[in-house]
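J.: Produce the entire structure from the sequences given, and follow the hints as far as they go.
Chains as they are written, first to last, in our numbering: chain Z, 177 to 289; chain S, 8 to 118.
Rather than coming from a laboratory, the hints here were simulated on the basis of the structure.
Incorrect hints may have been included.
Claimed, not checked - Covered stretches of chain S, as calculated for chain Z (at least 3 residues, CB under 8 Å):
| # | segment |
| --- | --- |
| 1 | 49–63 |
| 2 | 104–111 |
What the hints assert, rightly or not - Cut-off 27 Å, straight-line C-alpha distance, at most; resulting in silico cross-link-like pairs (DSS-like, lysine-lysine):
| # | chain 1 | residue 1 | chain 2 | residue 2 |
| --- | --- | --- | --- | --- |
| 3 | S | Lys74 | S | Lys63 |
| 4 | S | Lys49 | Z | Lys244 |
| 5 | Z | Lys200 | S | Lys49 |
| 6 | Z | Lys244 | Z | Lys200 |
| 7 | Z | Lys254 | S | Lys49 |
| 8 | S | Lys74 | S | Lys9 |
| 9 | S | Lys9 | S | Lys49 |
| 10 | Z | Lys200 | Z | Lys254 |
| 11 | S | Lys49 | S | Lys63 |
As the list claims (entries may be wrong) - From the derived model, a few chain S residues whose C-beta atoms are all more than 12 Å from chain Z:
| # | residue |
| --- | --- |
| 12 | Pro21 |
| 13 | Gly23 |
| 14 | Thr31 |
| 15 | Ser80 |
Since we're looking at a predicted model, the values are computed, not measured.
The beta carbon of each residue, even a glycine, is placed where N, CA and C say it ideally should be.
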Amino acid sequence: DAGVIQSPRHEVTEMGQEVTLRCKPISGHNSLFWYRQTMMRGLELLIYFNNNVPIDDSGMPEDRFSAKMPNASFSTLKIQPSEPRDSAVYFCASSLGSTNEQFFGPGTRLTVL
Amino acid sequence: QKEVEQNSGPLSVPEGAIASLNCTYSDRGSQSFFWYRQYSGKSPELIMFIYSNGDKEDGRFTAQLNKASQYVSLLIRDSQPSDSATYLCAVQSSSASKIIFGSGTRLSIRP
Numbered sequence: 177d178a179g180v181i182q183s184p185r186h187e188v189t190e191m192g193q194e195v196t197l198r199c200k201p202i203s204g205h206n207s208l209f210w211y212r213q214t215m216m217r218g219l220e221l222l223i224y225f226n227n228n229v230p231i232d233d234s235g236m237p238e239d240r241f242s243a244k245m246p247n248a249s250f251s252t253l254k255i256q257p258s259e260p261r262d263s264a265v266y267f268c269a270s271s272l273g274s275t276n277e278q279f280f281g282p283g284t285r286l287t288v289l
Numbered sequence: 008q009k010e011v012e013q014n015s016g017p018l019s020v021p022e023g024a025i026a027s028l029n030c031t032y033s034d035r036g037s038q039s040f041f042w043y044r045q046y047s048g049k050s051p052e053l054i055m056f057i058y059s060n061g062d063k064e065d066g067r068f069t070a071q072l073n074k075a076s077q078y079v080s081l082l083i084r085d086s087q088p089s090d091s092a093t094y095l096c097a098v099q100s101s102s103a104s105k106i107i108f109g110s111g112t113r114l115s116i117r118p
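T.: Next comes the structure, spelled out in structure tokens:
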């Protein structure tokens, strides 16, 4: 099993640019989560999907952030326009059922200059 | 009050000793509790889960749950330098189908 796959692993961009992060969950898992981690705020849940449907997006910081899950094997998190305060590590995780063990991807380290 | 609270540390423990990590939670209806370990620069990985009051042992790790006190802990026996990491407590929310993570405790095992 390949585990959760995220791309890119590192992204450096300039303020105002659009950033798209990608995630492929573990095959068969029906829940997908997007997290952001910083030293100051720890691990924050941004949004999660059950069966490709967004269930809770209360953690999405503002309208600049959007997430989609067009099918069971792919999800994107988009930031437009990006700002320096968006710099963080973004993790995608998947699970079988939203309250069961979550398997995390390797993360995307985003730096916005 | 945060939903899941942990002491951020760092907690420094000598090699071979018992490391004790603590977590309190606010949701009385929570039923599932998890401990994740995160090495620096890596992603979190599950090391223990517990659903029932009492102790659950897995090798050098013991998870302890006390629902009446809303308290969950992780004991690491015979601590090794390789145990140095951040430990995240996670609690299932009873009102929403999701897991809430604490901010983590940084553990350092000194040789």
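J.: When you check the alpha-carbon spacing of lysine 49 (chain S) and lysine 63 (chain S), does it fall within 27 Å?
T.: Measuring from Cα to Cα gives roughly 26 Å; hence the hint holds.
J.: Hey, lysine 254 (chain Z) versus lysine 49 (chain S), does the alpha-carbon distance stay inside 27 Å?
T.: holds, 22 Å
J.: Against the 27 Å threshold, does the CA-CA distance of lysine 49 (chain S) and lysine 244 (chain Z) hold or violate the hint?
T.: holds, 25 Å
J.: Would you mind confirming whether the straight-line C-alpha gap from lysine 200 (chain Z) to lysine 254 (chain Z) stays at or under 27 Å?
T.: Roughly 15 Å separates the two Cα atoms, so the pair holds.
J.: Is the hinted pair lysine 74 (chain S) and lysine 9 (chain S) satisfied, with a Cα-Cα distance of at most 27 Å?
T.: Roughly 17 Å between the alpha carbons, so the hint for lysine 74 (chain S) and lysine 9 (chain S) holds.
J.: Please verify whether lysine 9 (chain S) and lysine 49 (chain S) have alpha carbons no more than 27 Å apart.
T.: holds, 25 Å
J.: Check, residue by residue, whether the segment 49–63 of chain S contains three or more positions whose beta-carbon lies closer than 8 Å to a beta-carbon of chain Z, and give the verdict.
T.: Since three or more residues must qualify, the claim that chain Z covers the segment 49–63 of chain S holds, with 6 doing so at under 8 Å.
J.: Is it the case that glycine 23 (chain S) keeps its Cβ farther than 12 Å from each residue Cβ in chain Z?
T.: holds, 30 Å
J.: Within a Cα-Cα threshold of 27 Å, do lysine 74 (chain S) and lysine 63 (chain S) meet the stated pairing?
T.: Holds. Lysine 74 (chain S) to lysine 63 (chain S) sits at ~14 Å (cutoff 27 Å).
J.: If I take the minimum Cβ distance from proline 21 (chain S) to any residue of chain Z, is it greater than 12 Å?
T.: Label holds. Min Cβ-Cβ 26 Å, cutoff 12 Å.
J.: Holds or violated: lysine 200 (chain Z) with lysine 49 (chain S), Cα cutoff 27 Å?
T.: holds, 18 Å
J.: Decide, holds or violated, for the assertion that all CB atoms of chain Z are farther than 12 Å from the CB of serine 80 (chain S).
T.: Serine 80 (chain S) clear of chain Z: closest Cβ-Cβ about 19 Å, beyond 12 Å.
Hint violations for this structure: none, all hints satisfied.
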